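Spelled out, the chains give:
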Amino acid sequence: MAEVVLRLAGAAKTDPFTICLIANPALEAPWNSGTFVADPIMANKAAFYGAVQYIEDCLFGRVAGTKEQLLSNPAIAPNVRVISIWDAAAGISSASALVGQDGVSDILVARRNAIQAFVANYQVNGASFFVDIAYAISSSLTHTRASAWFTSDAPGSPGVPFTLDGGAFTHCYYNDIPGTIAIHSSVSDITPLHEFQHAISSYTNGSITDLYVDSSPALNCKRGRPIPSNFCVYAGSTYLSDLTRDSLGYPPAWKSYHCTLIDLRYPAVMDDYYKASTGNPLDCQNDTVTREFVTDKILAKMAR
Amino acid sequence: MQPLKPEERDAISKDHPLAAPEDLDRYEQLLSMRFTQDPDRPQTAPDSRQVKSAQESQSRPTIEEELQELHSRIFRTTLSSSAAKK
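Respectively, the protein sequence lines represent chains U and X.
So in this note's numbering, spot 237 of the first sequence is number 237, and the numbers just go up one at a time.
Heads up, this note's numbering is the position in the second sequence plus 1000, with the first residue counted as 1.
Hints were generated in silico from the structure; no laboratory data involved.
Hints are supplied without guarantee of correctness; some may be wrong.
Mimicking DSSO-like on lysine-lysine, the simulated pairs with C-alpha atoms at most 27 Å apart in a straight line are [unchecked claim]:
id, chain 1, residue 1, chain 2, residue 2
1, U, LYS13, U, LYS67
2, X, LYS1005, U, LYS222
3, U, LYS275, X, LYS1005
4, U, LYS255, U, LYS222
5, U, LYS222, U, LYS67
6, X, LYS1014, U, LYS222
7, U, LYS255, X, LYS1005
8, X, LYS1014, U, LYS67
9, U, LYS67, U, LYS275
10, U, LYS45, U, LYS13
Small disclaimer: the values here were computed from a predicted structure and weren't measured.
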């Protein structure tokens, strides 16, 4: 019998904003090989629920010392539904392999179509549920780094329109495929929030990318030299550039640059938070446009 | 994608002393770039924005091809294997 736990009820409405945390029954090893093995997490229920608790605490800023309090916003926190799924009878197959072990790194990769189909098998309070963000939690013995796929918005979905540097976009109410994350049960620091922000961003309506490599343009990253003083105009407000990249500095060969930080002393949540000058990733907060953008995206989905 | 922890980067340098830092940087860049492309759409070349023609695009390696090559280059030599060669 599967354990489907409604951890936080969220808004009392149809399709509240929903985060789903799933114990990964099987691993595809390696990713895209068609070979499936049992995920060790299914032999360690305590590790699964420990990770679930940590991810929830991290997202809502409840880990002691966490500076970034994005989801603890009183307009957001009470309206988030959180569901966990533990199904020891799910078996080992392509359908139950929600995570792949990358063949060229130690990265866990979400199998997002499998995740979407898997979640559709379960109900809370007698009803299936719509998912915005899904975490598949693994105890892989060899792969420990988390990763995320952005959300694939439903084309034509209603939503809240916005402008970015003169272009017209939409914070969509609904997705075709939710934002998906593969994460290890030993998760710590602010990795759950870092991956959440990737996952809630969109392939077509504003993506949030890694800032610790010389990335391609995204909502939170631009390319060019010299770095202009203004980073972007989002929803009618002008955001400044981060001219120095806090204490890290931009490597000379880089062409990318970022938006100014909320706290100039520490790297952004999407940057290399392990290099915070204090050595404490929990000191890191977002850059200014990412904070606003993610908040708006969540509030838009909550308005559906 | 979760950044490499400092101790993980140190371990790679220690275990694979011949790995070039620029190769490791490019490898990390490509790993991150992989997730910026919708996996349900056909994969494009790493620098597709700069690709000028379809012919040029076809001659460039995909992200996965370049990752395979970099992975081999970075991780093929360990301390023990380089010592054995000497």
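We went through each hint and held it up to the structure:
1. A distance of roughly 31 Å separates the Cα atoms of LYS13/U and LYS67/U; the hinted pair therefore is violated under the 27 Å criterion.
2. Between LYS1005/X and LYS222/U, the direct Cα distance comes to roughly 25 Å. Compliance with the 27 Å bound is thereby established for this hinted pair.
3. For the proposed pair LYS275/U and LYS1005/X, the alpha carbon gap of about 9 Å is at most 27 Å, so the pair holds.
4. Taken as a hint, the LYS255/U and LYS222/U pair is honoured in the structure, with Cα atoms around 8 Å apart against an allowance of 27 Å.
5. Straight-line distance between C-alpha atoms of LYS222/U and LYS67/U comes to about 25 Å, which keeps the hinted pair within the 27 Å bound.
6. Proposed proximity of LYS1014/X and LYS222/U is contradicted: the alpha carbons are some 34 Å apart, above 27 Å.
7. Using a Cα cut-off of 27 Å, the hinted pair LYS255/U and LYS1005/X holds, with the two alpha carbons roughly 24 Å apart.
8. At roughly 34 Å between alpha-carbon atoms, LYS1014/X and LYS67/U are farther apart than 27 Å, so this suggested pair is violated.
9. With a C-alpha separation of about 16 Å, the suggested pairing of LYS67/U with LYS275/U holds against the 27 Å cut-off.
10. The hinted pair formed by LYS45/U and LYS13/U fails the criterion: a straight-line CA distance of about 31 Å is larger than 27 Å.
Against the hints set out earlier in the document, violations occur for numbers 1, 6, 8, 10.
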